[in-house]
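The task is simple: from the sequences and hints, build the whole structure.
In full-length UniProt numbering, the protein residues as written are 1 to 153.
Hints in this document: simulated from the structure, not taken from any laboratory.
None of these values were measured; they are calculated from a predicted model.
Watch out, some of these pointers could steer you wrong.
Under the rule of at most 25 Å between Cα atoms (straight-line distance), these lysine to aspartate or glutamate pairs were calculated in the DMTMM-like manner [claimed, not checked]:
1. Lys27 x Asp127
2. Lys26 x Asp127
3. Lys118 x Asp135
4. Lys118 x Glu72
5. Lys27 x Glu104
6. Lys69 x Glu88
7. Lys69 x Asp109
8. Lys69 x Asp127
9. Lys118 x Asp76
10. Lys69 x Asp31
11. Lys118 x Glu93
12. Lys118 x Asp31
13. Lys26 x Glu91
14. Lys26 x Asp109
15. Lys118 x Asp96
16. Lys27 x Glu93
17. Lys26 x Asp135
18. Lys69 x Glu149
19. Lys26 x Glu149
20. Lys69 x Asp96
21. Lys27 x Glu149
The following label-pair restraints were derived from C-beta to C-beta distances [to be verified]:
22. Pro35 x Arg121: 36 to 42 Å
23. Ile114 x His139: 27 to 33 Å
24. Asp74 x Asn10: 28 to 34 Å
25. Ile101 x Leu34: 31 to 37 Å
Glycine included, each C-beta is placed from N, C-alpha and C at the ideal position.
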Amino acid sequence: MTITGIGATNAHARLIIDSYERLTGKKLLEDEPLPGTEFEALYHLPFIVLSHGHEQDPVLNFGNLAAQKLWEMDGDTFTQTPSRLTAEPMEREARDHFLRIVNEQGFIDNYTGIRISKSGRRFYIVDTTVWNLIDETGHNHGQAATFREYRYI
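Take a look at the structure:
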(Lines of atoms letter the chains of each structure in order from A; the text may use other names.)
(Lines give C-alpha, C1' and ligand atoms only; values in the text may rest on other atoms or scores of the structure.)
Protein backbone atom coordinates (compact mmCIF):
# COMPACT_ATOMS: atom_id res chain seq x y z
CA MET A 1 0.00 0.00 0.00
CA THR A 2 1.38 3.41 -0.90
CA ILE A 3 -1.39 5.49 0.59
CA THR A 4 -1.15 6.86 4.12
CA GLY A 5 -3.11 9.15 6.41
CA ILE A 6 -6.82 9.31 7.09
CA GLY A 7 -7.69 7.96 3.65
CA ALA A 8 -5.84 4.71 4.37
CA THR A 9 -8.23 3.67 7.12
CA ASN A 10 -11.20 1.36 7.11
CA ALA A 11 -13.13 4.09 8.95
CA HIS A 12 -12.63 6.56 6.07
CA ALA A 13 -13.53 3.90 3.51
CA ARG A 14 -16.69 3.11 5.52
CA LEU A 15 -17.55 6.85 5.51
CA ILE A 16 -17.21 6.92 1.71
CA ILE A 17 -19.37 3.80 1.30
CA ASP A 18 -22.06 4.76 3.83
CA SER A 19 -22.41 8.42 2.85
CA TYR A 20 -22.73 7.45 -0.82
CA GLU A 21 -25.59 5.09 -0.01
CA ARG A 22 -27.23 7.46 2.46
CA LEU A 23 -27.20 10.42 0.04
CA THR A 24 -27.77 8.74 -3.34
CA GLY A 25 -29.88 5.77 -2.29
CA LYS A 26 -27.55 3.53 -4.34
CA LYS A 27 -24.80 1.10 -3.41
CA LEU A 28 -21.21 1.98 -4.28
CA LEU A 29 -20.10 -1.65 -4.05
CA GLU A 30 -21.92 -4.72 -5.35
CA ASP A 31 -21.09 -6.72 -2.24
CA GLU A 32 -20.83 -5.36 1.29
CA PRO A 33 -17.21 -5.66 2.45
CA LEU A 34 -16.51 -7.58 5.62
CA PRO A 35 -15.74 -5.36 8.62
CA GLY A 36 -12.07 -4.44 8.54
CA THR A 37 -11.76 -4.84 4.76
CA GLU A 38 -13.45 -1.63 3.61
CA PHE A 39 -10.22 0.11 2.59
CA GLU A 40 -9.03 -2.87 0.54
CA ALA A 41 -12.44 -3.15 -1.13
CA LEU A 42 -12.37 0.48 -2.32
CA TYR A 43 -8.65 0.55 -3.08
CA HIS A 44 -8.81 -2.29 -5.60
CA LEU A 45 -12.04 -1.38 -7.42
CA PRO A 46 -11.74 -1.29 -11.22
CA PHE A 47 -13.39 2.15 -11.32
CA ILE A 48 -12.34 5.51 -9.88
CA VAL A 49 -13.08 6.49 -6.27
CA LEU A 50 -11.41 9.50 -4.64
CA SER A 51 -12.04 11.95 -1.82
CA HIS A 52 -10.78 15.18 -0.35
CA GLY A 53 -11.05 16.76 3.06
CA HIS A 54 -12.98 19.79 4.22
CA GLU A 55 -10.03 22.20 4.51
CA GLN A 56 -10.09 25.75 3.09
CA ASP A 57 -8.01 24.39 0.17
CA PRO A 58 -9.06 20.72 0.25
CA VAL A 59 -6.35 18.09 -0.11
CA LEU A 60 -7.01 14.69 -1.63
CA ASN A 61 -7.06 12.12 1.16
CA PHE A 62 -8.03 8.98 -0.75
CA GLY A 63 -7.57 7.73 -4.28
CA ASN A 64 -7.84 4.10 -5.20
CA LEU A 65 -5.39 2.43 -7.58
CA ALA A 66 -7.54 3.30 -10.60
CA ALA A 67 -7.51 7.00 -9.59
CA GLN A 68 -3.76 6.99 -8.98
CA LYS A 69 -3.17 5.46 -12.40
CA LEU A 70 -5.45 7.96 -14.17
CA TRP A 71 -3.85 10.99 -12.48
CA GLU A 72 -0.37 9.42 -12.89
CA MET A 73 0.57 9.65 -9.21
CA ASP A 74 1.60 7.24 -6.50
CA GLY A 75 -0.53 7.09 -3.38
CA ASP A 76 1.65 9.38 -1.27
CA THR A 77 1.77 12.07 -3.95
CA PHE A 78 -1.95 11.74 -4.60
CA THR A 79 -2.85 12.25 -0.94
CA GLN A 80 -0.67 15.35 -0.64
CA THR A 81 -2.21 17.08 -3.66
CA PRO A 82 -4.72 19.92 -3.29
CA SER A 83 -7.78 18.67 -5.14
CA ARG A 84 -8.00 21.90 -7.17
CA LEU A 85 -4.84 20.78 -8.98
CA THR A 86 -6.75 17.90 -10.57
CA ALA A 87 -8.34 20.51 -12.86
CA GLU A 88 -6.62 22.92 -15.23
CA PRO A 89 -6.37 26.54 -14.03
CA MET A 90 -9.02 27.67 -16.52
CA GLU A 91 -11.40 24.94 -15.27
CA ARG A 92 -10.94 25.60 -11.53
CA GLU A 93 -13.56 28.32 -11.15
CA ALA A 94 -16.23 26.11 -12.73
CA ARG A 95 -15.06 23.19 -10.56
CA ASP A 96 -15.27 25.32 -7.39
CA HIS A 97 -18.78 26.47 -8.30
CA PHE A 98 -19.83 22.88 -8.93
CA LEU A 99 -18.42 21.72 -5.57
CA ARG A 100 -20.34 24.49 -3.77
CA ILE A 101 -23.55 23.17 -5.33
CA VAL A 102 -22.67 19.63 -4.20
CA ASN A 103 -22.03 20.97 -0.70
CA GLU A 104 -25.50 22.55 -0.63
CA GLN A 105 -27.43 19.69 -2.27
CA GLY A 106 -25.58 16.69 -0.83
CA PHE A 107 -24.67 15.05 -4.13
CA ILE A 108 -24.85 15.43 -7.89
CA ASP A 109 -25.05 12.68 -10.52
CA ASN A 110 -24.08 12.79 -14.17
CA TYR A 111 -21.31 15.39 -13.90
CA THR A 112 -18.87 15.69 -16.79
CA GLY A 113 -15.78 17.86 -16.63
CA ILE A 114 -12.20 18.20 -17.80
CA ARG A 115 -9.36 17.12 -15.53
CA ILE A 116 -5.60 16.96 -15.88
CA SER A 117 -3.05 14.38 -14.77
CA LYS A 118 0.27 15.11 -13.11
CA SER A 119 2.04 14.93 -16.49
CA GLY A 120 -0.46 17.34 -18.08
CA ARG A 121 -2.57 14.77 -19.88
CA ARG A 122 -6.13 16.10 -20.21
CA PHE A 123 -9.24 13.94 -19.98
CA TYR A 124 -13.00 14.16 -19.57
CA ILE A 125 -14.52 12.52 -16.54
CA VAL A 126 -17.96 11.28 -17.59
CA ASP A 127 -21.15 10.49 -15.66
CA THR A 128 -19.46 11.30 -12.37
CA THR A 129 -21.21 11.24 -9.00
CA VAL A 130 -19.87 13.66 -6.40
CA TRP A 131 -21.20 13.58 -2.85
CA ASN A 132 -20.56 14.99 0.60
CA LEU A 133 -18.89 12.77 3.16
CA ILE A 134 -21.45 13.06 5.92
CA ASP A 135 -21.17 10.79 8.95
CA GLU A 136 -24.09 9.38 10.93
CA THR A 137 -24.08 12.45 13.22
CA GLY A 138 -24.37 14.86 10.28
CA HIS A 139 -20.75 16.09 10.39
CA ASN A 140 -19.27 16.94 6.97
CA HIS A 141 -15.80 15.44 6.40
CA GLY A 142 -15.32 16.54 2.78
CA GLN A 143 -16.42 15.22 -0.58
CA ALA A 144 -15.90 12.13 -2.70
CA ALA A 145 -16.35 11.25 -6.34
CA THR A 146 -16.69 8.13 -8.42
CA PHE A 147 -16.83 7.44 -12.12
CA ARG A 148 -16.30 4.55 -14.47
CA GLU A 149 -15.76 6.38 -17.73
CA TYR A 150 -13.16 8.89 -18.88
CA ARG A 151 -11.89 9.96 -22.28
CA TYR A 152 -8.51 11.42 -23.09
CA ILE A 153 -8.63 14.68 -25.01
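Hint check results:
no.: 1; hint: Lys27 x Asp127; verdict: holds (16 Å)
no.: 2; hint: Lys26 x Asp127; verdict: holds (15 Å)
no.: 3; hint: Lys118 x Asp135; verdict: violated (31 Å)
no.: 4; hint: Lys118 x Glu72; verdict: holds (6 Å)
no.: 5; hint: Lys27 x Glu104; verdict: holds (22 Å)
no.: 6; hint: Lys69 x Glu88; verdict: holds (18 Å)
no.: 7; hint: Lys69 x Asp109; verdict: holds (23 Å)
no.: 8; hint: Lys69 x Asp127; verdict: holds (19 Å)
no.: 9; hint: Lys118 x Asp76; verdict: holds (13 Å)
no.: 10; hint: Lys69 x Asp31; verdict: holds (24 Å)
no.: 11; hint: Lys118 x Glu93; verdict: holds (19 Å)
no.: 12; hint: Lys118 x Asp31; verdict: violated (32 Å)
no.: 13; hint: Lys26 x Glu91; verdict: violated (29 Å)
no.: 14; hint: Lys26 x Asp109; verdict: holds (11 Å)
no.: 15; hint: Lys118 x Asp96; verdict: holds (19 Å)
no.: 16; hint: Lys27 x Glu93; verdict: violated (30 Å)
no.: 17; hint: Lys26 x Asp135; verdict: holds (16 Å)
no.: 18; hint: Lys69 x Glu149; verdict: holds (14 Å)
no.: 19; hint: Lys26 x Glu149; verdict: holds (18 Å)
no.: 20; hint: Lys69 x Asp96; verdict: holds (24 Å)
no.: 21; hint: Lys27 x Glu149; verdict: holds (18 Å)
no.: 22; hint: Pro35 x Arg121: 36 to 42 Å; verdict: holds (38 Å)
no.: 23; hint: Ile114 x His139: 27 to 33 Å; verdict: holds (32 Å)
no.: 24; hint: Asp74 x Asn10: 28 to 34 Å; verdict: violated (21 Å)
no.: 25; hint: Ile101 x Leu34: 31 to 37 Å; verdict: holds (35 Å)
Violated hints, in rising order: 3, 12, 13, 16, 24; the structure is consistent with all others.
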